[in-house]
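> Sequence:
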Amino acid sequence: MLGWGQFIGIPSWFLLYSIQALVSVFASAAIALLENRQNALQTKWKIRRKWIRIAINFLNYNVACVTVIPPYLETFDVEIMALEILKIIPCPVKEFFDPRLFFVTNKPFLATMLMATQSIILLPQGQFYVLHTWYHLVYAHSSRVSAETRRMQLRFLIGSLAQILIPTTVFMNPILYIWYSVNTGHYNQEINNHLVFIVSFHGLLSTSCMILVHRHYRNHFIRMITFGKVRFDRPSRVSVVVSSVKSIGNIQ
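Numbering of the sequence shown is given in the UniProt record's numbering, commencing with residue 1 and proceeding in unit increments.
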């Protein structure tokens, strides 16, 4: 964490906490999006009271920001921790010997429990919203909603899932490796370098998925890069207005 943030005076612990909290907030935001899709359905299982929806989202964002705090409340000897790390990494980079060196925790089990807590609270919500929305749109057709509306809702759900799952799948690999290395003491600098390179694509993948998956964003992007030469205008529909029953009789 000895980068530009610390160069301008931001504490290392705050930088690391911000990164961990933002990853969890991303998951909570995905849950909020899926809940919004499920709530748009005409079904008895949706949450009708606005204050309940606000409370659930508030709880999820608190889980994202609060569950990563406990390791930062610990106190332990940094020098002893550094000596333990030197047993695993005998030739670390020069920044390792910086006096501002910072460790999050010396209790891997605590980090594992906090990750499990977030997963237990957030994952079931996401699974319920996705499965219920999918079932309602594909199998349990409602007479109050037209087939075209269902197709549009299903298309938007698939697009939202792609926008969420593709960057998440890429981002989860580094998280799982960090969890594995912390709990086993395994260290491989080559893998670390590759994972940092992969994580750097997270923002690009999120934006690319949003543009390519959703038709209106995709069409607008194509018009931008082609300077308006490619158009996606739909053929105009011609409607016939019958003014009265008498006019029908005259036609006959």
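Source of the hints: derived by calculation from the structure; they are not laboratory data.
Fair warning: there could be bad hints in the mix.
Unchecked claim - Cβ pair distances, simulated, as ranges:
no. : residue 1 : residue 2 : range
1   : Phe14     : His141    : 46 to 52 Å
2   : Val230    : Phe26     : 16 to 22 Å
3   : Leu165    : Thr43     : 20 to 26 Å
4   : Pro92     : Trp179    : 16 to 22 Å
5   : Pro11     : Lys94     : 51 to 57 Å
Just so you know, these numbers come straight off a predicted model, no measurement behind them.
Note that beta-carbon positions come from the ideal geometry of N, C-alpha and C, so glycine has one too.
> Could you check the structure against the hints above and give me the numbers of any it violates, in ascending order?
Result: hints 2, 5 break, sorted rising.
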